[in-house]
Amino acid sequence: MLLELAGVSRRFGGLAAVADLSMTVAEGAIHGLIGPNGAGKSTVFNLVSGVLPVSAGAIRFRQAPITGLTPAEICRRGIARTFQATTVFREYTVRQNLLVAAQPRVNDGTLAALFRLRDYREREAAAVARTGELVSTLHLDLIADRMVAGLPHRDQKALSVGMALATGATLLLLDEPLAGLTLAETREVMDLLRTVRAGGITVLLVEHDMRAVMDLCDRITVLDHGTRIAEGTPREIQTDPAVIEAYLGAEA
Amino acid sequence: MARSTFLGPAVTLALVAAVGVALPVLTQDSYHLDVATTVAMNLLLTMSLRLQLNTGQVNMAHISFMGIAAYASALAVTRLGLSFWIALPLAPLVAAAFAVPIGLVALRLSGPYYFLVTFAFSEVVRLVFNNFFVGLLGGASGLVDIPAPSPLLGLTFTDKPSQYWLMLMLFLLGAVVLVRLDYSRFGLLSGAIRQSELLAATLGVGVLRVKLTAFVIGAVWAGVAGAFFAHSHHVLHSSDFGLEPMVLLVAYTVIGGVGSVWGPIVGTILLTFTSEMLRELRAYETLVYGLVLILTMLFVPDGLVSIPGRLRRAWQRRRAGRADAMGVGVAA
Amino acid sequence: MTLNVLVQALLNGFGLAMAYVLVALGLTLIFSILEIINFAHGEFYMFGAFVTYLAFTQVKAPFVLALLAAIVVVGLAGGVAERLVFRHLRGKTLNAFIVSLGLLWVMQAVAQIIFGIQDKSVPSAFSGVLRLGGVFISIERFAVIVCATLLIVALYAFLEWTRVGRAMRAAAQDADGAALQGVNIELISALGFALGCALAGASGALLAPVLSVSPWMGALPVVKAFIIIILGGMGSLPGAVLGGLILGVVEGVGTLFFSSAAVNMLGFLMVIAILVLRPRGLVGGA
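Chains as they are written, first to last, in my numbering: chain V, 1 to 252; chain D, 1 to 332; chain H, 1 to 286.
Since the hints were made in silico from the structure, they are not lab data. Just so it is clear, CB atoms sit at the ideal spot from N, CA and C, and this is done for glycine as well. There's no promise every hint is true.
Simulated restraints on C-beta separations [said to hold, decoys possible]:
#1 D:G135 - H:A273: 25 to 35 Å
#2 D:F133 - H:G91: 40 to 50 Å
#3 H:L6 - V:A6: 57 to 67 Å
#4 D:H233 - H:D174: 30 to 40 Å
Below, a sample of chain D positions facing chain V; criterion: calculated Cβ distance under 7 Å [stated by the list, open to error]:
#5 P24
#6 Q195
#7 L203
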């Protein structure tokens with residue numbers, strides 16, 4: 001198992017956003033995380049990526065514990081995430097956004113920057129090359145040097161996925177990557193995610209678009225009120241009475 | 001790294017240098033040279049402040065580091081008998097030595113809290129200058145009789161033109177360093193942190209490290225300005241490093257635009273110019289100044305230097321709109 | 001060091017501290033609703049003092065009317081400032097800071113132009129001295145303490161028991177959540193800002209007869225107010241009161257033993273300590 005949550009809880013005051021949650025994500029899968037509003041899905045992302053501390057329990061990535069690490073440290077271990085809201089650096093171009101994510105993680109040495117030491121230059125070149133590859137893969141060539149702020153939604157979403165990829169992560173946490181997209185655009189992003197999976201990268205995604213989730217995911221975990229109420233293949237989830245009661249019944 | 005080549009900025013720096021060099025040729029007026037010297041010093045201060053603002057931090061203690069270096073340089077020359085030319089590189093290092101612990105403490109805080117703690121530090125420093133170690137620092141009367149820089153390589157630095165040249169050289173040196181930094185990975189990551197610290201952290205950026213680097217380098221260049229200030233003004237007083245000059249620095253930088261390394265240059269020169277023009281008006285100067293600040297922040301929140309970019313994008317949108325109407329595609 | 005001397009020092013400090021608490025309450029209210037630091041807050045305090053000055057010298061108004069005039073006029077000015085300028089800047093700390101700086105300069109310049117640069121003195125409505133045991137307090141200062149306390153109580157009542165007040169508290173805790181529950185954030189922001197400024201104006205009105213009135217008199221109270229709200233916790237109203245009491249005691253007692261510069265220094269060192277050790281302040285919640 002690539003990612004494991006064991007008895008994870010996140011309490012805030014008297015409320016538990018996540019309560020005693022245990023789940024696993026297999027390597028190389030596209031794993032869906034669904035549930036009604038307020039079920040705790042975004043909180044799970046915040047806990048795994050280190051943005052919020054856990055109140056109890058442990059999170060393991062590649063069998064090593066990552067609970068308590070900072071977001072930057074977790075990124076360096078190989079987990080990258082997107083956000084629903086601020087997913088990109090709006091004042092930068094597409095290329096610059098990817099470059100930030102592609103930066104070598106070894107050091108942020110400024111003396112090196114000033115004097116352009118050879119080692120620094122080599123790593124810079126590697127990051128630039130990686131950025132170029134991603135621009136092609138994501139079909140962002142035409143807009144690569146445009147400022148992100150003016151770009152359409154679909155491009156910003158694709159870019160945020162690209163940035164997560166640029167970090168060299170092997171596990172992507174995608175928070176509603178399909179929100180606000182047209183049918184055609186949704187198909188495009190879904191194909192992109194399949195390409196990502198084909199490249200050996202694991203995806204854990206939170207989504208509300210049920211058709212896409214059932215179509216795309218290998219396995220799905222269903223949350224309600226911060227706990228897991230079901231886990232299995234799309235077929236199993238669709239027929240699970242607990243899930244239908246909590247959630248899919250309203251979807252119709 | 002953030003842009004493709006260094007040609008554009010190199011040309012701009014060369015132009016700025018050319019203007020700086022041409023100035024004393026164009027005007028022999030001692031008063032104008034004085035203003036120009038102050039502008040060059042303020043440029044160094046605002047560009048180094050902007051380095052930190054570009055990581056999203058409003059460091060209200062920036063001027064304190066200028067002051068620490070100023071007093072350090074003055075004391076090194078008057079008490080230890082060191083040459084100004086030794087004190088000049090050492091004083092900024094003294095400032096940096098203070099900056100490291102203060103930065104480590106302050107930078108753990110966010111936004112308004114960082115603003116307030118650095119303000120508190122700056123007041124502590126100012127109170128020390130004004131009321132403590134009076135035998136050493138001069139207390140409320142200030143530190144006096146600070147000599148001008150001693151001669152170097154046959155050049156003297158006791159008159160206004162030569163001090164202008166010195167400050168110009170120091171400014172250009174700082175500008176080259178700071179522009180180079182901005183066009184490097186460091187600059188790219190700083191701006192990313194300013195736009196969204198959370199996003200940058202989850203992408204693996206070492207946020208605290210970048211901020212601390214900006215803080216210390218900022219202090220170093222503030223220190224260079226401070227050393228020059230001490231030996232060109234010959235008197236140091238705690239009010240030189242208090243809230244009033246500090247907020248002016250912030251205003252110059254933000255009005256120009258924090259997102260661009262050239263912002264502080266635009267802001268400092270324009271606002272100094274405005275201030276000179278209004279000088280006769282006393283209270284009305286403050287009034288107009290205040291209105292300029294308010295209006296700029298309301299209508300050009302990214303600073304004056306962002307205006308060309310905005311106009312260009314608006315023009316591009318119009319072109320795209322017209323082309324759409326004609327059924328023609330437009331290259332981005 | 002007799003008890004009398006100690007209590008006298010405390011009492012002297014207390015009067016000023018209570019007035020500064022009013023300023024601090026206004027500042028923290030604005031911060032909690034709009035998430036901006038209003039650097040010009042001291043100028044609304046100054047504005048209140050000048051309104052009182054005009055009320056006493058031009059119209060010979062009685063004390064209570066002068067105070068009310070200050071509250072209303074400065075409150076209105078605050079509301080206008082919010083509508084014109086600050087509402088566009090909610091949450092944008094840096095830009096709001098520059099704007100408030102601009103506003104500070106505008107207000108100081110206007111005061112200078114209208115009133116000139118000489119200190120003005122405002123006649124006191126009260127004369128005489130009260131004696132409590134071995135300590136003395138001027139009736140003027142006593143009136144300041146009483147009025148400030150009454151205003152704080154009134155503020156508490158307003159926030160606790162009126163609909164508008166409760167909406168304001170909801171907005172202060174979580175603006176987005178409050179909006180979802182139907183609170184008119186635009187209106188509440190304007191009212192909150194106006195109320196914050198009115199409190200500063202009231203403080204200026206109360207202290208006008210005690211200190212002298214000048215266009216620059218706002219600088220010191222606003223710094224004290226910042227210290228107070230950091231001690232108590234930014235955004236916390238009871239924290240502001242607690243912070244004010246602490247500052248009043250520390251400064252009152254401090255001046256017995258140390259120079260005023262050292263006492264000032266102490267205030268800032270406390271700020272640094274709190275921000276480092278417990279940034280949310282002594283009372284401040286999450």
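Status of the hints after comparison with the structure:
Evaluation of the 25 to 35 Å hint for G135 (chain D) and A273 (chain H) yields a pass: the beta carbon distance comes to about 28 Å. The hinted range of 40 to 50 Å is satisfied by F133 (chain D) and G91 (chain H), whose Cβ atoms lie roughly 42 Å apart. Remark: the range hint 57 to 67 Å for L6 (chain H) to A6 (chain V) is upheld by a beta-carbon distance near 59 Å. A C-beta distance of roughly 50 Å is found between H233 (chain D) and D174 (chain H), which places it outside the suggested range of 30 to 40 Å.
Below 7 Å, beta-carbon pairs count as interface contacts, and P24 (chain D) has none with chain V, the closest being about 30 Å; its hint is therefore violated. The interface hint given for Q195 (chain D) is met, as the beta carbon of that residue sits about 5 Å from the closest beta carbon of chain V, less than 7 Å. At its closest, the beta carbon of L203 (chain D) sits 5 Å from a beta carbon of chain V; the interface hint therefore holds under the 7 Å criterion.
Of the numbered hints stated above, those contradicted by the structure are hints 4 and 5, listed in ascending order.
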